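Chemist: What follows is each chain in one-letter form.
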Amino acid sequence: MDKKLHITILLSLAIIVFNRCKKPYEPPIIKTETHFLVVDGMISCGNNAVTKIVLSRSTRLGDSIQFAPELNAFVSIEEEQGSHYNLTEQGNGIYLSQQLSLDPDKKFRLIIKTTNNKNYISAFTEGKTSPPIDSLTWKQKEDVIISVNTHDPSNNARYYRWDYIETWNYRSIYSTDYGVNNGLIYVKDFLTQTDSCWRTSNSTNIILSSSVNLSEDVISDFPVAIVPQHTEKISLGYSILVRQYALPEKAFQYLRIIQKNTQQLGSLFDGQPSQLKGNILCVENPGEPVMGYISASTVTEKRMFIRNSQVANWHFAPSVEFCGVILTIPQNSTSYLIFDYPDTSFGPYYFVTGGLVITKKACLECTEQGGANLKPNFW
Amino acid sequence: MRCCRPYYLVFALVNLLYVPIVSAQTSMRVNEEFNNTTFPDFVLKIERNTNYYFYYKIAELDTFKITVKAENMLLHDLIGKVFANTAFHFAIDRNNNVFINSRNVIQTTLPDQFFSGGQAESDSFEFNTAIPPEPFQNSARTGSRDNKLNEIGFKPSAIKKDRANIAGYVRDSKTGESFTGAMVYTDTPFVTAITNQFGYYSISLPTGRHVLQISSAGMKAASRQIMLYSDGTLNIELQDSIPSLKNLIVISEKKSNIRGMQMGEERLSIKTIKRVPVVFGEADILKVLLTLPGVTSVGEASNGFNVRGGSTDQNLILFTDATIYNPSHLFGFFSAFNPDVVKGFDLYKSAIPEKYGGRLSSVLDVSMRDGNSKKISGTGGIGLLTSKLTIEGPLKKDKTSFIIGGRSTYSNWLLKQIPRSDFSKSKAGFSDFNLRISHTINEKNSLYLTGYVSNDNFKLNTDTLYEYGNRNLNIKWKHIFNNKLYGIAVAGWDNYQYSISSKENPVNAFRLQSAISQGSLRTDFNFSPDNKHSFSFGLNSIYYKIDPGSFVPSGKQSLVNPDKLQPEQALETAIYVGDQYTINSRFSINAGLRYSMYNYLGPRDIHAYAKGVPRDEISLTGTKSFRPGKMIKTYQGTEYRFVARMLLSNETSLKFSFNSLWQYIHMLSNTVAMAPSDIWKLSDPYIRPQKGNQLSLGFYKNFKSNTIETSVEIYFKHLKNYLDFKSGAVLLMNHYIETDIINTRGKAYGIELALKKKTGKMSGWLSYAYSRSLLRQDDPLAGQSINEGRYYPANFDKPHSINWVNNYQISHRFTTSLTMVYSTGRPITLPIAIFYLGGSQRIYYSGRNQYRIPDYFRADFSINIDGNHRSKKLTHNSWSIGVYNLLARQNPYSVYFIQEAGIIKGYQLSVFGTAIPFISYNFRF
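The listed protein sequences derive, respectively, from chains A and B. For what it's worth, the numbering used here labels the leading residue of the first sequence as 1, then goes sequentially. For what it's worth, the numbering used here labels the leading residue of the second sequence as 1001, then goes sequentially.
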């Protein structure tokens, strides 16, 4: 009896101890304004270069909106003791300049005026000259690793940033000659074909390196991109355009913090929280945080192709799970070319005697995966 | 010797408490005025000016006040006047011995037939002492009675004006356990000695008669009448202060805060510790420590503690000479020290003695008991989560004793009983084991063997298992050269390791391990030529070996790439010398120098970085390999320790101290993860030793005859090369850790107010501390400045803290205890916003440590019920019942942020989010 009672006490206690211990925490700051201006991009110098600046607002921690573009802002590049070059809005927070030929030996800054009548200016930043990319190389060790080589004989660049655009060719799962236009089946030509597509994607991380550890300004075989094995990217042909920028040291350190700032939270291998201090100032409220660091540089770029035949052991197997086929008998026998299957996610595959075999458009048309069906110019 | 027997009989008649001493027979007259003088003072005065010696019971006469004017008065007449109309009788014998008694009429002469060999010679000491003279010098004696006269040393033919030394042990009369920090003192002359870790004291006094006062926490204060002839030994046994029926005032360490040289020191015995209620009813050293002024922790149930704005790795934690790297069990729910084997602790916050070094903030010296040297006994406890058993006793009576203690949890079993799936994966448990064998080879030599092993493992609602453990072993040899010089040599090995493993996903299953080991050798000597000087000197040497981390796959399916960080090793050697110099009865100083040298040793590959730019993997220029044993980098420096004490009055003192310290070992603590993934790192060519200077000033005043102690201490600290981390730094498995570490400057300052009442029905303490701890990153090669180079609060900066511990004794068997703790919430760096840059989502954080988590407040209550006090019982039982977190406040232990479905959410974790009742049963046999 005594023993039983004892155990009961133990149990109830343990539940109390380990229960009710976690509850949501809303930090006091989150109640205050957290929609800070974010300025992403850099001033492009050199011949006929277009400067692209993306303006957005930071969002609150608990918000489900992940990207809040800053619209209708006035954005301009100012050359020190020189002209202003206005950028034009392209929608979704993207602002582009005309083709300019800014002299990298000059200093520049960015001026922004937002719709809430706040003025933002960056510090004047000296233009940097990016040396040409000597070569892009790749090697395969299961995954394909693409590396960059460059050198600056003047030893001025030292701090580099790269980004890249990948383009690759892929095919639809099933090949068909037929398409549907206004409910009528037609035979596709090379402009409307959907068997072969080219998809393009931009790099999503910050790629930085420096030659400060070397006696000469040389970057040798620095890996910029990795193509994971067996992915669609080198299932047929793959092309990468690597763009190279030279950075001032301060901009490099700023981006280095962002680079190290992991996006995962609460795990064992988390980095220490980082505070960012860029070079953009709100004129009306100097204490207001503004994210981004504006620098100016010429851009050099290089393109490289990798064909599937060049890589070893590359087996891309698309999922055909949803690619079952259905035989339909046209209800309107006047024309077999009328396509009136009620589920519009289906499209014509091929004709059989007395009917049409249809399947999911996603299995028939490579454009459904987001690629373009026209061969790019450089291909 | 032949005359002694009859004298024995005489005093059997009178009272054994009266011990006569003889002086030359003259009749003297007294010229003195007494105004409200206590009887002991009266006696002192008379004894000083005449040849009379008094014998009386102190207990009967210490409050007896005398107001009388004696003009050329015979002593007989004077005493007759003093005791007229009182219950006291007196008698004076031929040898001018005065006997006072409340019951008997005293006969000072014996019937003639008692003497067969005629009259004792009056000028001979030998034949007139009541106690047969023993060769005191050769075998230590134990003075055990307050009123008995203890003769020390060889009697000279005539008493010369000279000084002599008395040394010995202060021990428990029942268990033979020695007392550390007990005060042995005399009021005239004003001389104080404090027992060392072995309970050994050494005091020099003018030859002649003295009253030695002895006090130790939780023990009945005692005094010894001594007659000092020459150097000798006097062991003192103290009695337990079992509350008597008349609610006797327990005098514990009364006056010691005023008279002692210690400053910023907290000393608590296990008796005091056991009175403070703690969760699950288990007496806990760390929990009690956290109620002391100037001691805080980062959060509830966190590892370690912070002293005066120092980090947790700046505390040297010693458990009978063993360095403990993690003093906590179960995320800090329990401390690593089994209360049943602990004697007490000393915490040095400001005046750190020169014999300690290697840490900046504090030294916590926890001492273990030697074990009962008189009989086999044991203690045990059954609590809700833990059980413990300790057995101790003599292996050879009064020569060799042992104590073995163990604790274990049964919480794993408990968690399995809970019918909720959340807990089925949880697991939490610990065990620890202590062993100590003390062996007295002879009067001069003793050996001590101490071992400690602890193990911890827990898993809370996840599949990640955390395990850690301490292992310590040391052997100590103590040699007493003579009364004035003793030496200690200790050889020890300490180890701490932890591992984190996860098997949730067989493909990613991993095991992460890290370990630190140290082998140490130390010698300490203490030389007290006289009461003016007490020198200490010695040599300490520690060899460190750290395995910072290995990350290995766990299980056959795991595809984790194994990774191992290079081990590192170093040798730290220090020599020190110090002197405690009593300039006069009011002013004394303690000055010490410690010279330390540190060698960072191979084998190791050291990365080299481009000069003049921030250290970064990108600025790496090469790697240099060093052979085993090769000195890679040497640091050395002198540390200064200085304390001065000025006694303003009997109950007031002023103390000043200055300390400088160096620290060569650092802890890298990941404050982001809620896991004990702390890594120890040695100073290397890039990570310089931390240096700290502390200046403090204290004012101490006691009230109500030293039963109420108050103190005010202010301090200012300056830190150099304190480690903090760059933004985005990753601490685990980082091969380039030096690129993520920055050296900061720090300052800490504060004021501590304390009010303590250690005796009486109501006892306890109230303390308030204001303390700030600020850092500033000024390393030009950091590549980034934290908070734009301004001072920012350290992780453990908690400006206000208030602690109140209140014990109330209702009766002999019932004691209640109430504790309240308040502190400012600790600072955190908050994620404020999310933004897109460079193609990905990024998090924007506030300035480092610019916000604080909610304040902490907790109240606990407990009742201790002792079994009856019949001393002949087979076992003594006690119950402890109470409630932890009485107000059920949800104090946040940690605040953390995780990404859930792309949205960042904040959570606060309260470890004890509700009131927790507890009950535990303790027994002693």
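Fair warning: there could be bad hints in the mix.
To be verified - Straight-line distance between alpha carbons at most 25 Å, and here's what the computed SDA-like set of lysine to any residue pairs gives:
no., chain 1, residue 1, chain 2, residue 2
1, B, LYS1905, A, LEU214
2, A, LYS361, A, ILE338
3, B, LYS1045, B, GLU1237
4, B, LYS1611, A, LEU214
Source of the hints: derived by calculation from the structure; they are not laboratory data. Since the structure is predicted, the reported quantities are computational estimates derived from the model, not experimental observations.
Chemist: Each hint needs a verdict: does it hold in this structure or not?
Modeler: Outcome of the hint check:
1. B/LYS1905 / A/LEU214: violated, 44 Å
2. A/LYS361 / A/ILE338: Holds, because 17 Å separates the two Cα atoms, which is no more than 25 Å.
3. B/LYS1045 / B/GLU1237: Violated, at roughly 29 Å.
4. B/LYS1611 / A/LEU214: holds, 11 Å
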